[in-house]
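Asks: Each chain, written out:
There are 4 protein chains.
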Amino acid sequence: MVVRAAVAGASGYAGGELLRLLLVHPQVEIGALTANSNAGQRLGALQPHLRPLADRVLQPTTAEVLAGHDVVFLALPHGQSAAVAEQLGDEVLVVDMGADFRLKDAADWEKFYGSPHAGTWPYGLPELPGGRSALAGSKRIAVPGCYPTAVSLALFPAYAARLAEPEAVIVAASGTSGAGKAAKPHLLGSEVMGNMSPYGVGGAHRHTPEMIQNLSAAAGEPVTVSFTPTLAPMPRGILATCSAKARPGVSAESLRAVYEKAFADEPFVDLLPEGQWPATASVHGSNAVQIQVAHDAAAGRIIVISAIDNLAKGTAGGALQSMNIALGLPEDTGLSTIGVAP
Amino acid sequence: MVVRAAVAGASGYAGGELLRLLLVHPQVEIGALTANSNAGQRLGALQPHLRPLADRVLQPTTAEVLAGHDVVFLALPHGQSAAVAEQLGDEVLVVDMGADFRLKDAADWEKFYGSPHAGTWPYGLPELPGGRSALAGSKRIAVPGCYPTAVSLALFPAYAARLAEPEAVIVAASGTSGAGKAAKPHLLGSEVMGNMSPYGVGGAHRHTPEMIQNLSAAAGEPVTVSFTPTLAPMPRGILATCSAKARPGVSAESLRAVYEKAFADEPFVDLLPEGQWPATASVHGSNAVQIQVAHDAAAGRIIVISAIDNLAKGTAGGALQSMNIALGLPEDTGLSTIGVAP
Amino acid sequence: MVVRAAVAGASGYAGGELLRLLLVHPQVEIGALTANSNAGQRLGALQPHLRPLADRVLQPTTAEVLAGHDVVFLALPHGQSAAVAEQLGDEVLVVDMGADFRLKDAADWEKFYGSPHAGTWPYGLPELPGGRSALAGSKRIAVPGCYPTAVSLALFPAYAARLAEPEAVIVAASGTSGAGKAAKPHLLGSEVMGNMSPYGVGGAHRHTPEMIQNLSAAAGEPVTVSFTPTLAPMPRGILATCSAKARPGVSAESLRAVYEKAFADEPFVDLLPEGQWPATASVHGSNAVQIQVAHDAAAGRIIVISAIDNLAKGTAGGALQSMNIALGLPEDTGLSTIGVAP
Amino acid sequence: MVVRAAVAGASGYAGGELLRLLLVHPQVEIGALTANSNAGQRLGALQPHLRPLADRVLQPTTAEVLAGHDVVFLALPHGQSAAVAEQLGDEVLVVDMGADFRLKDAADWEKFYGSPHAGTWPYGLPELPGGRSALAGSKRIAVPGCYPTAVSLALFPAYAARLAEPEAVIVAASGTSGAGKAAKPHLLGSEVMGNMSPYGVGGAHRHTPEMIQNLSAAAGEPVTVSFTPTLAPMPRGILATCSAKARPGVSAESLRAVYEKAFADEPFVDLLPEGQWPATASVHGSNAVQIQVAHDAAAGRIIVISAIDNLAKGTAGGALQSMNIALGLPEDTGLSTIGVAP
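Chains F, P, V and Y, in that order, give the protein sequences. Residues in the first sequence are numbered from 1 upward in steps of one, following UniProt numbering. Residues in the second sequence are numbered from 1 upward in steps of one, following UniProt numbering. Residues in the third sequence are numbered from 1 upward in steps of one, following UniProt numbering. Residues in the fourth sequence are numbered from 1 upward in steps of one, following UniProt numbering.
Just so you know, not all the hints are guaranteed correct.
Unchecked claim - Pairs of lysine-lysine residues, derived as BS3-like cross-links and limited to a Cα-Cα distance of at most 25 Å, are as follows:
#1 Y:139 / Y:184
#2 Y:181 / P:181
#3 F:104 / F:139
#4 P:181 / Y:184
#5 V:184 / V:139
#6 P:139 / P:104
#7 F:184 / V:184
#8 P:184 / Y:104
#9 Y:181 / P:184
In case anyone wonders, no lab produced these hints; they're calculated from the structure. Remember, it's a predicted structure, so these values are computed and weren't measured experimentally.
Okay, chain F solo, but in the shape it has when bound:
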């Protein structure tokens, strides 16, 4: 089986990471690569780490260019995916790496994104309860946000097992690639090196409703989320510290048992041995998720910490994992749990 794949938005960080992974996917043949303002340029000038594709020239993002592929990945700015997807036909697998089709609640979408809601597609987080069945055979996939990936995987078992009160508190640190490749002064190397700072504090970050959606579904009741993202001086990686009040009767043992059961068969989730903690460096470039749990009896809380690569499992790796499921390929085809460290 050969899967011919096009990538719209190939000059950005998400597109570049996707190409890095597609290059080693044994079933994928890389087709059209498109861009907006960078159309006409050699990919080698924009993604110099992708040597096998260096001489490819970026084409404009049009339906004509994207036609004739089995899979089309959309790594476009928010709000642009629907128009492109409509023109691609129902038989093409369209994988949207943007936010457009993640949320089920139109009002949430409009509140956080300020535009009309385009719809809801099957959600590309296979590890969630029912996640795989929603993706199998689907022709549309909404790839989760990077923070919701890290946070949902950390907390859904606790909520599904009724271990935690429905008020989650999350503080996460992200590498700068999560903010994209557009040149903005606060993302300059001079500004971010040696610096930690928060943004989108107090519920303002657009990934908040997506976390609420996932955790509430797992809990079977509405879960509130206090989410504080911070920008860390590293190119990649998310470390999410997630906690909630423990329900009565929770112990370190019962907590760990729930997580061991939840992830026993997951190919990409690495519940670490007791005493070892997640580190973003360990999942650098890999599709693995490192998770560890703790029960703070004095504070009455459970703490779950997860580490992912925001571009890999958090975006492009997650997209590919879901594509594999949708196409009926083994889920881990072309994906790895081997990080590049140190």
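Based on the hints, put chains P, V and Y in the right spot on chain F.
Replies: Then chains P, V and Y, alone, in the frame of chain F:
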């Protein structure tokens, strides 16, 4: 007035930062500099950034060497300060930059540090309620831990004003100098660059009881603290994200009003204008504390974020500020709110 | 004596560093602060590390705004200084932190900068032979480039003492602040962290003719310079590795003797003890220059390595040092050799 | 064909990188993993990024443990390889990633390493003239040093084509993993972040004679090398700036033509298009070598700049490439020119 100061532990990061600040303190004359294993070496070989002191030779840490000074700063490993302090006499101002005399509860000390409690000295965080009067004229000062400094300043106004429920959730990122200068594999540059990881999760960090002590005092009731420290890829700085459930009736306006009042006359606390968030780079090398507050109505929580330089306001700057008060000098003598950025 | 100083270009990195230093200069009173596109903004929003000036509002860069000061610092894009300087009058000390008045050779200027040559002002590198006398009492100062500062100080003694053949080979690493605050994709944190790359290779960098000018003057004959700048993953600092073939008879001892003599009385040049090497971290935020020399007998070359802070001694500190000389103040007024490390 | 491979020294950076690559080599089956002081530990505790091997337990480095493999990789401290290799028998392919068998000149070895010379093995840099034929079928391989890999590939074409005078000047920046995993104070994250510093200046670095050996062989005459290594604030990567005086008649065109011819068929050497410069981030985790050349007519020099990943092409990737040749496998089996960026 000339204050003759000795520094025990001058070869470490805390000692080095203290010397950096003492060098520009107009009243201080730097006396004996001592070390343990580094005794006998030129300071220039160990602290090459302190050029005016490059030719000083480190002496052994003994009562004889430390005698004859007005102030003795102790930057020693935990558990060593009491024995030294006893030999220095009651007329000498002893400023302990270690943990030995911070905690009031002997059981807490023994649980977290595993040795007999040495006692409790006036606590060197002047901004806390009653903080300055406890220090004025004192001959003994316990310098707070770096995390408790960042966290207590962030949250005490909310607790003192009864805005927050007594269950604080804190996630903080620290630069690597907070872990000291002892060579350990996990602190190698190869390990920490490009990496975020937690440690001491679930209430295990030794600074937890100190935070509980401070916040409970402010609240007038016991406050629990869920504290997760993380190691960030930067040499200096702490960013503390602190939150608690808002008590009924709290609004963004009432929250901000409380903080404006609390810090109106504080020379080193910088409650940022609305819309601007703390950044560790902005306080790099400075004694300033940047603070911003948010009320997340949807999650029902108040979030307070603070940024300090862990070595400056978090250790050596805080020590100097308290020394100024104890000696009756203007509190900001020799201290600055100007950071070194970018 | 109170010196009233204006800063044109106060929102950039050079302007910000100058303000950081002016704030602690005992004779300076900070007057007008101007900007181009940032005029009208609070300085606190742009330079959040300069808390004492946070509420200052930037004014437009006009002769009216800059009038009435004793000193005007120009931190403007290349080619804009001459027009401003002309309007300020001959009695005002104008310190140009741009390149406009550094080069003596008009053809060099036009070749490297592509515009008509504006003239040549006294050159603000006091450590060069004759450097101080050219500055004393001057009303115009051309502040050297950051790389020429590091390189000229490293090599002029060897050339002045006829130790080196007139063909210098220089490779220097600079922190990213040297590239300024304008948002460009290749300067994003995601691009520069974990990355070293060269630029302006093969003689293309604009600082090359300035190095040639300085070294040729020291040597008394034309010196060629092969200069390769590289961008390093750090916000500040220049490490310059400078070498040239040793002339016959040069030994490690004669080389060191020349350097010891050259810098014996220099307040800011730190010829390190044998066995210790320069490190940019040691001069972070300081006006010091660390230098070390080596004689490679097998390769027949002398190697001189210097470290400076590109924003401090390399720009703003050097500007202030020259201002002190021009105004007859002690040369080190308001300047420090104490770095902020780690 | 299944190649059973053992790795001695699996807990260090070189061993870890080798395992990362072996895990995706389609012909290799990973056998014994050994260590010295870390024997008995789970690999997951020491190399947490290698999840598929997490439960492997390190064995002691003995001939018994290493017996029964087709290939044995030695990632041991200098001076330990000969004793192990002798016990492994002549039929086993032994790949020494240490320095022991790189140098041909016993006096050079003794001068730089201070111990008796163990011998000389076929040199694992296939791109050098005659490199592949020396490796084909060999049962012993000496993997080059990381700096000599970057430097020799950059300069051998110029020397082989008689374009350059036999006096090379090299300044290289290396990530910290090149210094290994042993905990030393100057390699702490607090020390290396935000810092550039040189070491081994003046011909003292042990890789110097290896560069001289390679470049002299290419030139057919003795070449002197002035080599200055610097430590850069990044975990991986080497950027080598290499230059030499151009011989009469050299032009930019002739220089480029020589390099295009030299690398036309090289699978891992990426002579970049004109105008594009090497960047270590582009080869992060990859076996590619980026090279660019320049002719500085004014200075009369050719400049060649190369970028490699010190752990990949500079150590483990180079080892694997040579193993492939020795075993008669396609040279690029299991190796990639795709970097992990940003």
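Asks: Look at each hint and say if it fits the structure.
Replies: Results for each hint:
1. Y:139 / Y:184: violated, 36 Å
2. Y:181 / P:181: holds, 16 Å
3. F:104 / F:139: holds, 18 Å
4. P:181 / Y:184: It holds: about 10 Å lies between the C-alpha atoms, which stays within 25 Å.
5. V:184 / V:139: Roughly 36 Å separates the two Cα atoms, so the pair is violated.
6. P:139 / P:104: holds, 18 Å
7. F:184 / V:184: Distance ~8 Å between residue 184 of chain F and residue 184 of chain V Cα, so the pair holds.
8. P:184 / Y:104: violated, 37 Å
9. Y:181 / P:184: holds, 10 Å
When the structure is compared with the earlier hints, violations turn up for hints 1, 5 and 8 and for no others.
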